[in-house]
Amino acid sequence: MIDTPTTRRAKHPETGGERPAVLECRDLSVHFDAPDGRISAVNGISFDLHRGQCLGIVGESGSGKSQTFLAILGLLASNGHASGSVKLHGEEILNVSRRRLDAIRGEKLAIVFQDSITGLTPHKRIGEQLAEVLTQHRGLGRAAARAKVLEMLELVRIPEAEKRFRMYPHEFSGGMRQRVMVAQALLCQPDVLIADEPTTALDVTVQAQILKLFKGLADHTNTALVMITHDLGVVAGLCDEVMVMYAGRVVEHAPVDELFYQPRHPYTRGLLACMPRADRDSEELTAIPGQPPDLEALPPGCAFAPRCPQAFARCEQERPSLQTARPGHLKACHLEELP
Amino acid sequence: MTRPLLQVENLRVHFPVGGGLFSAPRMLKAVDDVSFKLAPGETLGVVGESGCGKSSLGRAVLQLIPPTAGRVLWLGEDLCRLDEDAMNVKRSELQLVFQDPLASLNPRMSVGAILREPLYSFEPGIARSEAEDRAASMMRRVGLRPEMMNRYPNEFSGGQCQRISIARAMISRPRLVICDEPVSALDVSIQAQIIALLRELQAEYEVSYIFISHDLSVVRHLCHRIMVLYLGKLMEIGPKRDIFDTPRHPYTQSLLSAVPIPDPRQARQREQKLIEGDLPSPLNPPSGCVFRTRCPHATPLCIKAAPVLEATGSEAHQVACHYWQDLSGDKQTKTPTGE
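Quick mapping for you: the protein sequence lines, in order, are chains H and S.
With my numbering applied, the first sequence covers 1 to 339.
With my numbering applied, the second sequence covers 1 to 339.
Derived by calculation from the structure, the hints in this document are not laboratory data.
Glycine included, every Cβ here is placed at the ideal spot set by N, Cα and C.
Treat the hints loosely; a few may be bogus.
[Said to hold, decoys possible] Some chain S residues close to chain H (C-beta under 10 Å, calculated; not the full set):
#, residue
1, G48
2, E49
3, R145
4, P146
5, N150
6, N154
7, Q193
8, S328
[To be verified] Cross-link-like lysine to any residue pairs, in silico, SDA-like; alpha carbons within 25 Å at most:
#, chain 1, residue 1, chain 2, residue 2
9, S, K273, H, K163
10, S, K273, H, D279
11, H, K212, S, G277
12, S, K37, S, P296
13, S, K240, H, R307
14, S, K240, S, P16
15, H, K212, H, S173
16, H, K163, S, G277
17, S, K273, H, T286
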């Protein structure tokens, strides 16, 4: 086992033995074949995910945060290739057959996307679409499936579930569709729920409702949650642990409080310093200069070096590896490194 | 308040929706009886959920959509009464920056041509060399190298395109720029750069902004006064400090409560006053107070009568709620008054 914050946290309180992770990801890399060569989108990602845990994945566009999990789900675009190892309950699921993936997806691994209108079939009634998940994956009869779907719609607080059952996706508001997507993802009680920017397109009031729903899930079920987002505010209220990604690599991985109160990577510090806050007057915001890197032209050293206020000569030549900054807290940065 | 730059009185923007041979169209009241003033050099934030009419309000002020009723007084002159030619002359003083930076720039024009175009239309007879000089200095002012003027918008990143949009809006030296979600489509680290740029330009040119946004954190950071809209109606307006520290309208209170805070300890401690449900259809708004269907404090009075905007402690801070006095402070009673 590698030394990730998760493995440390996962020690059984009594026996001291390690609880097995639901999802173990080791050295996952993703590249895409492009007309002018190969683009590395994700490089060497490793983490463990345990039951009832919520892991936040934070990054800007191009950080590889979504591609990492699309690869895990076997949903990469046709020119994308994944390598490394991803184990679900000990079973390798990376690059396995379509048939095996179909069995796993929906039942053990589920995803909620940002865009709820494309996630639902437009010409099928909501109830039918949802019940189908159960009749196909669980072999339930129609009546049993219907009852379960209604129960789930009520769980995600869809008002008048009976009536809504017979409606089409376009008759729902954005927030309600997103809740239907969450209900759909939860129908088979997956072990891992991956939420990719599930609230980005929603209004704050609806976002707060959906986040509350996710929080309830983590508390009441054993489902492990992965929250992919660009919004540190979402992470702060929901996650136990956070992985910050930049240019396809993890730059920092820590328990949520440590990440916010003792960030070790200049990029994390930069993100925290450039966010305005609604709950207090913020001092001048310190913007991170420059722009997110072009994956086709990454510098040889640290990808963040061109924007880093503390970069020194070594940063431009040598890429820092992810190392333990303190127990349970990883960072990839040459600063404060022990000689 | 010094003499207002802009004074909007009882503005209404109604759109006819549907209707056919045998049925009359229904009226969508995008903006319904909204009044406010704007001082020179001031930033007014307009917040609310999607469909609250904030974008329609901005466009109606600029006469890009014709107001149904009301007056838009620009330095005392009613813009609604100007003919198209006269309004076009005024446009040098009133500019607009859109959300999607790439879509709002003509892909077939070089950036230099995009920046020179407003000069040619507002200052006919301007020499080409002068236009070029001013475009170059504006490029520099927004943080772009003038050498890049020959390039086309698709060669720039999202943040750079937004800088170009801002340069295009600023080049005619406007006195008012309406910014419609100008940072919403940008990465977090880029948002702070654009916010800083808008503040610098305001200090330098004494331009006023109407800053339309759903992001209350950004609004708090950038605006002097804030206006809260719900289903086309003005719910609350006041100085930033009053709105954030002592929000009087239950809708404002729940909006603020829903904003995620990037601080795990505070996020855990805070008690959120979330509103349930979704926005009602704007085609069929609730009677009386439009917010009553989602308001935890609604009473029969709220169904019968629409509250009028009234001043709270200070004249500048106004709220449209029957019960704002009962809801102020810690007591959350809902004793009906009057009737």
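For each hint, the structure was consulted:
1. G48: holds, 9 Å
2. E49: Holds. Min distance 4 Å.
3. R145: At 14 Å from the nearest chain H Cβ, R145(S) fails the 10 Å test, so the hint is violated.
4. P146: violated, 19 Å
5. N150: violated, 20 Å
6. N154: N154(S) check fails; min Cβ-Cβ to chain H is 14 Å, beyond 10 Å.
7. Q193: holds, 4 Å
8. S328: violated, 19 Å
9. K273(S) to K163(H): violated, 28 Å
10. K273(S) to D279(H): Given pair K273(S), D279(H) holds - Cα atoms ~14 Å apart, limit 25 Å.
11. K212(H) to G277(S): Distance ~13 Å between K212(H) and G277(S) Cα, so the pair holds.
12. K37(S) to P296(S): violated, 31 Å
13. K240(S) to R307(H): violated, 33 Å
14. K240(S) to P16(S): The hint is violated at about 35 Å.
15. K212(H) to S173(H): Since the Cα atoms of K212(H) and S173(H) sit roughly 18 Å apart, the hinted pair holds (cutoff 25 Å).
16. K163(H) to G277(S): Holds, because 16 Å separates the two Cα atoms, which is no more than 25 Å.
17. K273(S) to T286(H): violated, 31 Å
Checked against the numbered hints above, the structure violates hints 3, 4, 5, 6, 8, 9, 12, 13, 14, 17; every other hint is satisfied.
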